[in-house]
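2 protein chains.
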Amino acid sequence: MSRHTWTEIRRALARPVIAVAASIGLLLAPAAVAQQEAASSEKTVVGVALYPGFELLDVFGPVEMWAYVPDFEVVMVAETAGPVASAQQGIEAVAQYSFADAPEIDILMVPGGNGTLVELNNEAYLDFIRKVDATSTLTTSVCTGSALLAKAGLLSGRKATSNKAFFSLAVQQDPSVDWQGSARWVEDGKYITSSGVSAGTDMALGLIARLKGKDQAEMLAKSLEYEWNSDPENDPFAIEFATAN
Amino acid sequence: MSRHTWTEIRRALARPVIAVAASIGLLLAPAAVAQQEAASSEKTVVGVALYPGFELLDVFGPVEMWAYVPDFEVVMVAETAGPVASAQQGIEAVAQYSFADAPEIDILMVPGGNGTLVELNNEAYLDFIRKVDATSTLTTSVCTGSALLAKAGLLSGRKATSNKAFFSLAVQQDPSVDWQGSARWVEDGKYITSSGVSAGTDMALGLIARLKGKDQAEMLAKSLEYEWNSDPENDPFAIEFATAN
Numbered sequence: 016m017s018r019h020t021w022t023e024i025r026r027a028l029a030r031p032v033i034a035v036a037a038s039i040g041l042l043l044a045p046a047a048v049a050q051q052e053a054a055s056s057e058k059t060v061v062g063v064a065l066y067p068g069f070e071l072l073d074v075f076g077p078v079e080m081w082a083y084v085p086d087f088e089v090v091m092v093a094e095t096a097g098p099v100a101s102a103q104q105g106i107e108a109v110a111q112y113s114f115a116d117a118p119e120i121d122i123l124m125v126p127g128g129n130g131t132l133v134e135l136n137n138e139a140y141l142d143f144i145r146k147v148d149a150t151s152t153l154t155t156s157v158c159t160g161s162a163l164l165a166k167a168g169l170l171s172g173r174k175a176t177s178n179k180a181f182f183s184l185a186v187q188q189d190p191s192v193d194w195q196g197s198a199r200w201v202e203d204g205k206y207i208t209s210s211g212v213s214a215g216t217d218m219a220l221g222l223i224a225r226l227k228g229k230d231q232a233e234m235l236a237k238s239l240e241y242e243w244n245s246d247p248e249n250d251p252f253a254i255e256f257a258t259a260n
Numbered sequence: 016m017s018r019h020t021w022t023e024i025r026r027a028l029a030r031p032v033i034a035v036a037a038s039i040g041l042l043l044a045p046a047a048v049a050q051q052e053a054a055s056s057e058k059t060v061v062g063v064a065l066y067p068g069f070e071l072l073d074v075f076g077p078v079e080m081w082a083y084v085p086d087f088e089v090v091m092v093a094e095t096a097g098p099v100a101s102a103q104q105g106i107e108a109v110a111q112y113s114f115a116d117a118p119e120i121d122i123l124m125v126p127g128g129n130g131t132l133v134e135l136n137n138e139a140y141l142d143f144i145r146k147v148d149a150t151s152t153l154t155t156s157v158c159t160g161s162a163l164l165a166k167a168g169l170l171s172g173r174k175a176t177s178n179k180a181f182f183s184l185a186v187q188q189d190p191s192v193d194w195q196g197s198a199r200w201v202e203d204g205k206y207i208t209s210s211g212v213s214a215g216t217d218m219a220l221g222l223i224a225r226l227k228g229k230d231q232a233e234m235l236a237k238s239l240e241y242e243w244n245s246d247p248e249n250d251p252f253a254i255e256f257a258t259a260n
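Chains as they are written, first to last, in the numbering used here: chain A, 16 to 260; chain B, 16 to 260.
Warning: the hint list may mix true and false statements.
Claimed, not checked - Covered by chain B, according to a simulated footprint, are these stretches of chain A (three or more residues, beta-carbon under 8 angstroms):
(1) 69–80
(2) 88–101
(3) 139–152
(4) 175–184
(5) 208–215
(6) 240–246
These are computed hints drawn from the structure, not numbers from a lab. Here a beta-carbon is modelled for each residue, glycine too, at the ideal position from N, C-alpha and C.
Can you make the complete structure from the sequences, with help from the hints?
Okay, here's the thing in structure tokens:
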């Protein structure tokens, strides 16, 4: 057994639990722990706007990545705090905050999932993402989440993408959006929209690269043994489609 | 806009919610709906044994995939039912069942995460996975979850793998295991162990390929826009290490 690895383990076991958690993202860990202590009031709040029927990987791929960024604090919000059913039958995640008591959100993320179809007609949801977007530094989506951003009027005239299997659902919400049928993810100003489900994880690392540098995103991906598709234009699932007229 | 895609959307909107959920896994959908109606009593129960400090993507990458298999029912179990804290600060998932009231589990999954360090000394957790393993058809792990399987004595003399950053933690639990430093995942009889975090999602599709055929796994990956590393021996994060003596 390599001495180096043993040393890592001993060090991990000797640290408090939160430091061990951070150390799984090995190369980010020292910075993470230092900043957690020094600057908890200066965190960038990343808010995931959950709804019943959200797609699990749309949420937890990106959250896995963002939670390791030292000065990010990821929070889950929903119309009502507490357990929120995912699109995957029986599986629930917990919203820590309701829309009414959510902290100020710097980076908004709107996931996709079959529940999108309901939320497109839920003014409480659309109002919340409009309100957060008014002051967010970045507004992001995964999968059919971009249909919700479009319905809320936030993507008008911008480039964006969506889940390929439900692409028309997004187009239908706002044909003035310059919808991209070939893109792993699309950045247009502060708006970052990703393609279907798994593409969200690549987008999440792209966001880290944008804010923290590509080397940081690559180190994190490696520590989580994630094969990052780092090129937003490299879309293995591209579709051909004619834009709405 | 293509007429074909519009037709898909209209059809989706006309269906009940559960069918819409299934239709995101487009090519599996007709089979999924038919089997849900015909054979709900013949489900293969996939049980994820959660613990405080589980790694989010270890759980939700595989669950995303398995939840789309028509005759799988994925359940989350923990020592105590209700919200379970993940390794990612503040983020919780819900265990539907306690160990005491869990249904009979056919396929067991033990995730990794910093909480592994605590569970290695929790006899209630180790006893539960031993008990389930005694009658499971498959016993699987992601990341440091294999350290828990090893500690429970379930991998003795078998080939297995683990998270590369915490490889020694696994080796330390049972040096009689033939630990593989280069493997995306390892199958030895009914035991399937995967490498760190993201590797679990590739393993989960490998399990689907084993039980349902590789074409089914490939179709599912495509519908979720997931770039599947389908070769268990193709490990971009392989490590060199000397086995314990």
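Quick rundown of the hints versus the structure:
Counting residues of the segment 69–80 of chain A whose beta carbon lies closer than 8 angstroms to any beta carbon of chain B gives 8, which meets the minimum of three for the stated coverage. Counting residues of the segment 88–101 of chain A whose beta-carbon sits less than 8 angstroms from any beta-carbon of chain B gives 5, enough to reach three: the coverage restraint holds. For the segment 139–152 of chain A, the proposed coverage by chain B is not satisfied: 0 residues have a C-beta within less than 8 angstroms of a C-beta in that chain, short of the threshold of three. Closer than 8 angstroms: that is the beta-carbon criterion, and the segment 175–184 of chain A has 7 residues meeting it against chain B, so the requirement of 3 holds.
As drawn, the segment 208–215 of chain A meets chain B at 5 residues by the rule of a beta-carbon pair under 8 angstroms; at three or more, the given contact holds. For a cut-off of 8 angstroms, the count of residues in the segment 240–246 of chain A with a CB near a CB of chain B stands at 4, and the three-residue condition holds.
Checked against the numbered hints above, the structure breaks only hint 3 and satisfies the rest.
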